[in-house]
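Asks: Spelled out, the chains give:
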Amino acid sequence: MSTRTLISPAQLARPRGKALYWVVFGLVVALFTVVFLGPMYWMVSSGFKDTQEVVQTPPTLVPESFQPDNYSQAWNVMDLASLLGNTLFYAFGALAFQLVFDVAAAYSLSKLRPVFGKAILGLMLATLMIPATVLVVPQYLTVLDVPIFERNLLNTPWAIWLPSVTNAFNIFLLKRFFDSIPRELLDAASMDGASPMRTLRSIVLPISRPILGVVSIFAIVGVWKDFLWPMLTLPDPSKQTLNVGIYSLSNGVPVNVLIAALTMASLPTLVIFLIFQRNIMSGLTAGGLKG
Amino acid sequence: MSAPSLTPSKAASARHAQPPVDGPPQRGGAFGRSLKRNLTAHGFLIGAVLCFAFFSWYPMVREFFLAFQKTDQGEVSWVGLENLETVFNDPAFWQAWRNTALFTVLALVLGFAVPFVVAIVINELRHGKGYLRLLVYLPVMLPPVASVLLFKYLYDPGYGMLNEVFGFFGLPEQQWLQDPDLSMLSVVIASTWMNMGGAALIYLAALQGIPGELYEAAELDGAGLLRKIWHVTIPQTRLILSLMLLMQIIATMQVFVEPFLLTGGAGPEGSTTTVVYLIYQYAFNFNNYGAAAALGLLLLVLLAGFSAAYVKLSRAEDE
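Protein chains in written order, with the UniProt record's numbering: chain A, 1 to 291; chain B, 1 to 319.
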């Protein structure tokens with residue numbers, strides 16, 4: 001920590017500054033923990049309480065009754081297994097489509113430079129300027145009856161996968177990264193007779209691992225967190241995602257069971273986050289603003 | 001292009017002059033090679049372009065047409081401005097705009113200022129930065145249904161934690177989501193908690209880029225803490241701040257999920273009906289796609305200015 005910030009090191013070094021610093025530090029840590037972890041702690045612990053204790057006033061900090069049953073009950077009654085399976089299926093499918101199509105597009109725009117490439121990129125980026133919610137209605141109508149193919153994608157995974165590819169922000173992020181790969185490297189490969197596909201596979205992709213990681217995490221989290229779109233396009237309860245499924249069942253189950261379900265629905269993304277923390281944070285600050 | 005580039009590095013330095021990837025010498029002449037190169041390049045693009053065409057570009061055009069059409073049992077007819085008229089005459093119209101504006105203003109006061117303050121505080125601390133950063137970002141990773149229902153329970157007037165905390169400090173209990181005067185604020189508080197992590201981390205990165213000498217210079221001029229923030233921190237992060245401001249406005253004007261899940265959308269006395277909720281209602285409750293599209297178009301026109309400013313600013317930052 002050598003960088004200078006608002007408060008001068010000299011001020012902090014004085015006894016009064018030191019004392020004040022530790023007081024503020026303690027307060028901040030306590031406040032942040034209560035504000036950000038508190039609700040989550042309440043969620044996990046309430047999942048263990050029995051029906052009476054969960055709605056009791058004042059609420060108990062440590063569950064007096066211990067009902068791990070709620071979790072298995074939530075798992076069975078709300079059929080969390082299939083909701084979870086669906087969500088994973090949509091999320092990893094969307095990831096595959098985004099990785100294949102968006103990476104190929106970004107590579108083409110960055111390194112192969114086709115005619116009209118700039119115009120196509122411009123049109124893609126233009127979609128970022130249209131408020132997403134405005135497009136929900138016409139997008140929904142498109143999914144109902146895809147022009148030319150005349151197919152109804154309602155209740156099919158395609159309704160999630162294909163629109164997820166239209167992520168101009170991803171393409172932009174990838175293209176910027178590819179732009180930074182020295183041209184000489186690719187030219188050398190092509191002099192050796194490597195096809196563009198081969199160049200992409202054995203040179204560009206290995207170098208781009210960090211950005212691919214960031215894009216992948218965002219792709220999965222994006223599907224995991226989406227609510228309105230899956231609610232509209234997957235009305236069949238057996239096809240729903242965790243978000244939508246839990247929401248539509250939320251009125252029919254006891255509070256403690258529902259809270260247990262919420263805890264379980266939150267776990268996967270929290271675990272992904274804790275594992276890939278570093279990548280997510282750096283990805284956020286590296287490209288979080290551009291778009 | 002004239003001749004196969006034998007010296008790739010030279011070709012690369014002459015920007016845009018030479019096509020970048022050039023296979024080994026082959027037959028077919030310059031035109032053939034250029035055609036082949038373009039076909040390959042477009043082959044790589046085609047998947048994404050088709051997805052954009054079907055799920056972005058076509059819907060964009062369609063949104064515009066829909067706004068001036070009426071669909072009646074599969075029959076599409078042009079109705080001119082009738083949809084706009086329907087929307088304007090809806091008593092919920094002005095209320096929805098007022099609510100959305102209120103949400104945006106509240107979200108700017110809370111959702112814009114709070115993450116900035118949080119970032120400054122974290123940046124000043126010498127210890128536990130990693131832990132605090134992690135805490136702030138955790139809620140962002142929760143599925144919205146989990147965080148929203150969580151808040152629904154915290155707000156509950158009967159057994160809710162929030163009233164408990166209020167009681168502890170001797171404050172009167174509130175009806176949070178059931179009180180038309182408080183419902184929107186309650187939605188904003190939940191929304192801020194859920195979403196502020198990303199903004200806070202971006203600010204934090206920006207703060208770390210401020211040269212320390214500037215603070216030293218300010219101290220020599222006798223500036224106190226607030227003056228340092230005002231004269232150094234804010235000007236130094238101005239570009240990011242204005243970008244985030246625009247992004248916040250664009251995002252909050254489109255708020256839907258939080259009020260939909262917390263108050264069922266409309267809320268007590270329609271106090272949380274937002275413009276996007278109204279669009280949702282037209283389209284999916286009343287099957288009036290025309291009216292939904294007309295209202296969407298109004299929102300689009302309003303936000304286009306903010307979007308354009310955003311793109312212009314982020315270009316400026318890029319260079």
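Simulated from the structure, these hints should not be mistaken for lab results. There's no promise every hint is true.
Lysine-lysine pairs mimicking DSSO-like chemistry, simulated, CA-CA at most 30 Å apart [unchecked claim]:
(1) B:Lys312 with A:Lys18
(2) A:Lys225 with B:Lys129
(3) B:Lys228 with B:Lys152
(4) B:Lys129 with B:Lys228
(5) A:Lys118 with B:Lys312
Asks: Now, for every hint given, state plainly whether the structure supports it.
Replies: Taking the hints in turn, this is what the structure says about them:
no.	hint	in the structure
1	B:Lys312 with A:Lys18	45 Å, violated
2	A:Lys225 with B:Lys129	27 Å, holds
3	B:Lys228 with B:Lys152	40 Å, violated
4	B:Lys129 with B:Lys228	22 Å, holds
5	A:Lys118 with B:Lys312	17 Å, holds
Hints 1, 3, counting from the list given before, are not met by this structure.
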